[in-house]
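Undergrad: Going line by line, the protein sequences match chains V and S.
Residue numbers for the first sequence follow my numbering, beginning at 1 and rising by one.
Residue numbers for the second sequence follow my numbering, beginning at 1001 and rising by one.
Hints in this document: simulated from the structure, not taken from any laboratory.
If you're wondering where the values come from, they're calculated on a predicted model, not measured in any experiment.
Each residue gets a CB set at the ideal place from its N, CA and C atoms; glycine is no exception.
Heads up, some of the hints might be wrong.
Which stretches of chain V does chain S cover? Using the computed rule of at least three CB atoms under 8 angstroms from a CB of chain S, they are [stated by the list, open to error]:
id, stretch
1, 329-340
2, 394-406
3, 433-441
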Amino acid sequence: MSRPTDVAPRIVVVGHGMAGARFVQELRARDLSRRFEVTVLGAEPEAAYNRVLLSSVLAGSLTPAEIETVPSAWYAAEDVELRTGVEVAAIDRRHRRVLTTAGEHVPYDHLVLATGSRPWVPPIDGLVADDGELDRDVVVFRTLGDCRTMLARLDRVRYAVVLGGGLLGLEAARGLAGRGVDVEVVHPADRLMERQLDLDAGRVLARTLRSLGVRTRLNAQAVRFTDGWGGGGRGMRLDDGTRLPADLVVVACGVRPNTGLAAAARLEVERAIVVDDTMTSVTDPAIHAIGECAQYDGQVYGLVAPAWEQAAVLADVLTGGPERYRGSPVVTRLKAADVDLAAMGETDVDELSDDEEGLEVLRFADPARGTYQKVVIRDERVTGAIMLGGPETVGAVTQLFDRAAPVPADRRALIFPGVVDAGAALDPADLPDDHTVCRCNGVTAGRVRAACEAGADTVAEIAATTRATTGCGGCRSDVAALLASRSTVEVPA
Amino acid sequence: MGTTATHCAYCALQCAMTLTADAGGRVTVGPRDFPTNRGGLCQKGWTAADLLGSPERLTTPLLRDGRSGPFREATWDEALEIVAGRIRDTQRAHGRDAVAVLGGGGLTNEKAYQLGKFARVALRTKNIDYNGRYCMSSAAAASNRAFGIDRGLPFPLPDLAETGAVLIAGGNVAETMPPFVQHLAAVVDRGGSLIIADPRRTATVERATLHLPVMPGTDLALALGLLHIAVADGHADRAYIQDRTTGFEETWRAAAQWWPERVERVTGVSVLAQRATVAQLAAGARGRGAVVLTARGAEQQSKGTDTVTALINLTLALGLPGKPHSGFGCITGQGNGQGGREHGQKADQLPGYRKIDDPAARAHVAGVWGVDPDELPGPGPSAYELIESLGADGGPRTLLVHGTNLAVSSPRGRRVVERLAALDTLVVCDVVMSETAALADVVLPVTQWAEEDGTMTNLEGRVIRRRRAVAPPPGVRSELEMLTALADRLGRGDRFSADPETVFDELRRASAGGIADYAGISWDRIDAEGGVFWPCPSDTHPGTPRLFADGFPTPDGRARFVAVEHRPPAEDVDADHPVYLTTGRVLQQYQSGAQTRRVPALAAAVTEPHVEIHPDLAGRSGLADGDLVRVVSRRGDAVGRVRLTTTIRPDTVFMPFHWGGEQAVNRVTNPALDPISRMPEFKVCAVRLERVVVSQGGSCGTDGDTGPEVSPSRRSRPTADWSEGGSAA
């Protein structure tokens, strides 16, 4: 079955999304002699594009062309065979080949499954037409194609309903609202982004979104997308009888990993394809999975950062490197204009009720200003956080979480930027004698006072004797204040 | 009693000053108005003359047999005979390249030029490089590939004061060149923006309107993110990109992968601050102008060239270079860092910023020098690689050192000292017994700034005059004299002059037609015009204060976007070395401290290196303010005094590099080199902190071990003990 060693090992990548495209780049970066023969099979007809930026395309700040990640010229230059619009029907593990829907066999030595996931469309009347396709006024928000569909329809859309108040649904809703569409988010849970947020954060977020033109409806179930709306429009009926006008329905109810090929090939699949720390199927050492279709240590990641880390690990493994995957800390960042939200780790934790040793929960809420910040600390490490509307310290908290680095002794620094260092500004006249007034020339307040006592009456005279103010000149006002304060003492009443 | 108008002895701002010598030859300094310093001087400038009459001044050649023996005084003739003999012996036995030269960015244009010519014409060795490799090389490489030219600032410094927004990546001018701050303060006073990316909240940051507290070694990710925002938020100047640049698409594709939330996670700089930065620069671009400046913080990394490139890309996307009060600039460090890199000290260059492997350049320069072009050696290795090869198999066996104190200033310092020890002959020219001179076989006492005439090219690209105010002490000679006399002994004396103006006039001819064209710049013109900006190709040319208004000196006249990708530092923190170290400067010291540590007022102001540590990190490390701490990397260790401050990131410590011996932080730093500029990664490496316990007897050891001793008295002042003094550049 294995071929002679002088033939280049063949890597076939199924999936040309964020994980698959990244993997081939990482591979070639480590395979400068092009030892591997690489073929990429992509189901989408597009060049590889950056899914993270779809919300920017929807919002109108980037064009579809601008989110392309790997130009086709790269594949040619790197001698990687890219075949887009090719779907795989089956994996033939015995013969180490995949069968495309066009009936072609593609042999492999290593098969990389980067098939991603697909949107889940809930069984709601009217979403799917009789032919099994989505209704013409129903879209999912997953691919560049979906994005284009939405953009193409925008000028005919006045009302939109977004099903699902998770990350993607809210980004879509914000994008549409930014384009002047009247948007309502219908969400079955008791809070937005319930996997990332606690109840209070969800409330503050809903409030922020409302101010940006996005209404949200919680604990709500859509039951039917119907015609015959007042004035001939269409609308969404909810389980409580409410009817919402909807020229467009965006379905963002979560995704399901694409594991059909793997399951049919009898690879071990739980929620996704089960892999070990080399991103290799636990069933077949010649098959690997990365990205949203992979499950490592019980985790299925739905974000790009872990997918890229996995792509790098697999590229390293296949080229003989020592890297192993150990799981990724997950930071969720809502990409929506004028909403700053980061959520990471465990967030639905309440110190007061848990009363656990080593557990601390910091919390600051200012709902009227859209701020809700919560940091969960266990044994001096950040294990979770919600940073909503307090953007200054997000970078610092995220890095502490990512690196499991110890938290500041003064916890306030995690939420309030600069508060630890802020002292009351001293009146220059009250500066202590040992305070350096002029850094450029190392002149203290005491020396300026001494110069005054020795008879200097002007800033220039002080400069002549002490050199204060003769560097960058930034201390001129302090020197003048010291001089003035002396005069008031000197001058008899 | 006479007065002399000249410029400062130290950094590239080259503050104008007036020196007044009294009847006894004592010199005092006074400020002089000039567009760069506007009458300002820092403490280093005010006290610059104090080194002229220092008791530590070298005034006679010193020789010794064997490195451990004592120096003895010698005549110049005897010393030069010995040096010439060693050169001849070395080259006879091991070939021409077995003699190497290291120069410095503090040398005048005349000396830098003469040194490069001496290496190629008198020694005929390819092995010459200079300490600018540790200074400007990354910015130079990035500027050359983007603009086709490398001049620190593209405009006179006062233009900076007129702009609307400034971003400085990794620069601390309030500490390094204080009078520069006046120009930044003018921007802020007018309501403009001053944004500074630095792991520390430095004295300069205190003057800023926005601080980006970037994690060490991640400036490149930050720059990519800023470009991403500029494009994604609609700030890109599409017409400019279309008309004046090439390569945008590929560059955007790389930056597209650095969306702000990802950048935040890598750099620690919040999305809010990133967006504000771009919005403020873009507002400047639409108004009074916007400027992006880099300094060593962003440049001294193993990816420094790409980091600078990414920031240049940002300026190109915003349409800045060539517009009024706008563009990209690099804040040059050493006094003649600019001129020093233009006229032939660099391993791959000939005068006029010519490439040594370009046949036309070789023919032109060989013509000026009166030699056969084929006689000129080819390119040699970069400074650190040259140092690594000293005394090694096939490497140089004799080294001449001019204006640099590599024992203090090179990364992985203990290794550098080993390499110097492996040489057959080390010859050092200096004004004091620097740490490097203390390792030499021959030490030659040379003139310092106020004792010599010449020209310097300041950070703006303005060629200015250094003027002699006093006669050097008897026994001291200029390096021009020394090189001429040595060339004479090597049979090439007829091609060299010891007169600086004669040398400059030859430099003009050698540079004519090159990128850094000085052909039209004469000493007379500099005197009459208060300096002349290069390029200045003819006597009637006005010089070029502002670059790029009409085009870029590239083959197609367009600036080049160059796509770059972020990568982590060469060495990241781990369990054994859990803290980042970054290095830099303090106001009262200059470079390796050889000069400034010997100025009593400066030595008294800053007596020893400190280690800035955040109280949180100090608490976890068992360190208190004022403790001695040993900073340990995989390469070596250095000892400094703990200074607790909340102005630094809790995952990072800072130590200035102006000291030698056990206080030299460059024993710790990482020589990982930038693949293009060959710049070492001074600005980030991984260390651990160990408290140094001072025992009753006064000796010190690290907690729990019996490491080398540090005597507390050593931390105060450089002593007259030549084995551990300080040094130049």
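Undergrad: For each hint given before, does the structure comply? Return the numbers of the non-compliant ones in rising order.
TA: Going through the list in order, the structure violates no hint and respects every one.
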